[in-house]
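Since each chain comes alone in its own frame, lean on the hints to assemble the complex.
Note that the protein sequences, when read in sequence, are chains X and H. The opening residue of the first sequence carries number 1389 in our numbering; numbering runs sequentially from there. The opening residue of the second sequence carries number 4 in our numbering; numbering runs sequentially from there.
None of the hints are false.
Below are the DSBU-like pairs computed for lysine-lysine, each with C-alpha atoms no more than 30 Å apart in a straight line:
1) 1457/X - 1470/X
2) 1457/X - 307/H
3) 307/H - 1556/X
No wet-lab data here; the hints were simulated from the structure.
The primary structure of each chain is shown beneath.
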Amino acid sequence: MDAPVIDLLQLYPRDMNIYGDWGNVLVLRKRLQLRGYDVRLHEYNPGDEFPGQVDLIVGGGGQDSGQNKIQADLHALGGRLKELADDGVPMLAICGLYQLFGNFFKTHTGDVIKGIGLLNVDTVGGPTRMIGNTVLDSSEFGTVIGYENHSGQTFLKEGVQPFGTVTKGEGNNGQDGTEGARYRNVVASYLHGSLLPKNPAVADFLVRHAALRRHGSFNDVRLDVPYEAEARESSAARPR
Amino acid sequence: MRHLLATVVGKTVRVVAKLRGGGSALPGLVAEKIDPNFLPRTLGTLPHGVVVISGTNGKTTTTKMVVELLQGQGLRVFTNRTGSNFTRGVVAAVLGESTTAGKLTADIAVLELDEAHAVHFVKLVAPRYSLLLNVMRDQLDRFGEIETTAGFLRQIAQATTEAVVLNREDPRIAGLAEAVTAREVRYFGLASGLRHMFPSDDDMRSGTTGEAAALPDADVILSSCDGPEATFTVDGRDIDARLKLTGVYNVYNSAAALALARTVLGADADEEALLRSLEAVTPAFGRGESLTVNGQPLDLVLVKNPAGFRLALRSFPAEGFRTMIAINDNYADGRDMSWLWDVDFDSLAAAGVDEVSGVRAHDMALRLFYEDVPVGRVDTELTASLRRFIELDPDKPKRIYCTYTAMLALRRELGKLTDVEVVS
Ligand SMILES: [Zn+2]
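Looking at chain H on its own, in the form it has when it is part of the complex (with noise of 0.2 Å):
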């Protein structure tokens, strides 16, 4: 009884928020407190299971993607697509979409979940896979150490009962596998020469990627990429794809999903199925798009730390493009500028940056000066800012980096300002 109550409540304050255009975690908040058990009790029920995605760094891409496999093969996939990536937001997105007597309408849940909060939900639900992307520097500020996070995710990996999905590149990530007490642990990586492209946070300064340790096999390897044409080496056979998402780090996680769909599919996977979907994967809102603005591409590329930053700026070539750089530092941003230091800037020396903007212009601004690298306009005003940014030169396609609340930002200008199509 005491369910069926929650979820009544639970529903009617999520339409009313919704009225007020609330938050997303309210609801959550009210079903949680008036039944604990809610969430173990409807995600139990699920014929698949739970699948929980975390990792510093393409969880909401990844799990976009993970969940278009799935449905892809013909499953029912909850998912919390709201973005509310912690255990109320997940409780608010199951009221939306379970029956007012309670029940979820799906085969399986896929789950994004942010590191620390991910501790909570596999302590109510215990996850049936788990996919571990990475462990880089992010918002230190918030969680204090990179080996804290790392804790955080190896809770994760104890807690999965069937089978835990490791990036086996990621030496933290990797080391994760001792702590698996589920059935099975699967591997996704790269092809040797891919590697200089990705370097972890430990080899930031020293320039090497780490000595080639013995690592383990992998089911999924991303073995080739070259634009949108990626090649992955599954199971020991190569399969060519021509995908949606660019920036060779989104195509990395696209062999992160790959391994995990064909984890939990087994057997059953209908692997022309999995690469028809796979191909057709668009990035999640929020984490980058390409826009056509008065006729000339615009890329908005999300960046949060340092190691993303770096693999944006080395998956897109500067040349030919104008540039503008944006960094806010609201919460969700995170404060600490220092990442900004961490990045190195070089591969727009030539071309320079034609804005830099966000609340932080200046500190961008200092830091490309340190690099050598020519900058047009710095301006706080975001809006001033790309207005020139998209007025000037208009026969030249551009390309935005910025940060999560800037990105924000710029997204509803844009709407304003001009013709905005969205291409993917």
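For reference, chain X alone in the conformation it holds in the complex (with noise of 0.2 Å):
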């Protein structure tokens, strides 16, 4: 028998791809892996044909210019990814893809990029960077691990829960003490670090959703990954 195949999609590698985002491509293909799944991995950039099956979507952040080369496309995606995200299909997005993901973002000489409104979240330029290793408390995925790096200031509209609360770091805004965004199965943060080797139940979650969408039903074998639990006590102890 073939194994079961999941169609994992990275948004925009070429221009959304900094802090380590490839990080995250590489735990989830390989978690999917361990569990005997065949990945197929599709790597989207703009003016590209968006692929017929996708199971997993992975986007990051970039350089300001990757924003610019970016923007155009992802409005004409923006109907397709809602639609895909109301149907459950699991994604991850972080930091400037979770701004784009939102409403707007409006800078701080006043320009406003449109987001294409996946989550009710709304983002304004601060006047100095969060930077700094991050600690969060999230209800769903216990303690989540990650550094930040952003200026943006994210506020959360009705119907988008936090992804976690922060414990260690300045998080979505500086101000309300959430970090990230949870809608359906869509988890957007602006954690990286990479963000999904150190927190692999945030990682179990995504390709769970996603093979149960496909398949209707996951290989829910336990991994020991070694050094997983000693790099994540490491980080959270560093100082910011």
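Structure below.
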């Protein structure tokens, strides 16, 4: 019997892939492979044809120039992504794509960059960058560990839950203690580090829902990944 | 009178700071406070002016090369050797080498400056020449964005009066040409066959190295590089050299240094002597060294950002070597570990990594696990890890990839543990 297939799509790897976003793709692929899935990796860049079958979507952050390059394409793709999200496709949106998945980004010079409104969140440019090791408390995923680096301040609106509450770091906006956003099976966050290697609970949430939606079942084998626990411990203890 | 006072006080503080084993910036701070014009006045008297070298990777080694190339032409060169590559550090270095009357006995100053600090510096002293190497992801936790860093370099280019030397292979650097108001822009570059060795951050994951857009002519091109043997195409002529530096990125830096030296010297350049100086250059302290430990070669390779780490892995084949990786996340290393996920480690998969160490050893080991690279031991204790690394399998050559503070610690420990002979 052939191994069950999962189609994993990386959104804009050329322009939105800074701060180790590739690490998230690697981890999802590996954790699926270790459970017997055949992972087909798709890279989607502006102008590419969007694959017919997509089970899991990952996107990352970019420089301002990278964000400019993908904007028009993302707006054209927005409707499709929203449908997929509402249909339960798990997605991970980090940093820049988190912002663009929201309603808008208003820069501190007053320019408004439209988002695709997949997440009901608003972002405004802040005067300072929020940078450093970050630890969250999440009701769904337990302790989440990462590294934040952003100046945009994001505010959650109706229908969107935070990914977690900061116990170390600034989070969404440095004010309300929230970090990231949750909607259906979409996880959005400012945390890189990369996020998934040190947060297997989040990685497994994404792969579980990808498998359940595609195949109706998930081969829920417990994975013993070496160094994972120690890496979590040492990162959480490092200065900001 | 102010100038004289600043020099005397500064020099005194410098001696005191030395006795206390203190930092190199303190005397500079004192001199700056007393006389803010200290630097422009001292450096302004140099007959060949000031050269600024900046960029993300390779500043220290390239500066050392330029200094040696110019010294080989008989110039007296002032440089900020202590690694204090910010304005106060330069003041401190000037104090160290100037007479009590506040005069610097040099023909030219060649200064390595951090991008952000260079912006302050060029406001005080307009460089006659500048060399801008590259702009890559490095310590974004400090500067925030590559575009911010590129903006710093643009200000250096704008402030330069005589000539700006640019890396034509780095689009963000080559793009600075339009900001230049100096008399001349010159380039150094790579032959097309070598370009795949130098992927930029932009095509890190897309696999292709930018389409061959029309590149400007370069004064010096690195046209081939095979171990220590390199060929430079200078002004259309091929020049073969046998270098003491290894690693293709170091060899490319020598193309940059050569282009700058040729620009500064103009028609006066003695080409034979330039080549001899270039062949004699060894790596700068703390930028990687080749040592002999217990009769076996041991390379210390400094890695501090994804592009640099990837270049190093491509430059040094792993087979036949024992490999160690030591990753710290102290302030000087950068706290953000995400860069480790932007390095491809598959070249280590066959031979594996014997020791993984440093404060963030487990982050590094986890990274290797996800790339299917076998790992021997993981130990955050650098000393214990290093000891095992050199004592087990003593007859094999060794290589350690390490971040800055890990390198300093390892170098110290190596001196204690064994007989160390510095090869280069
Ligand atoms: Zn970010």
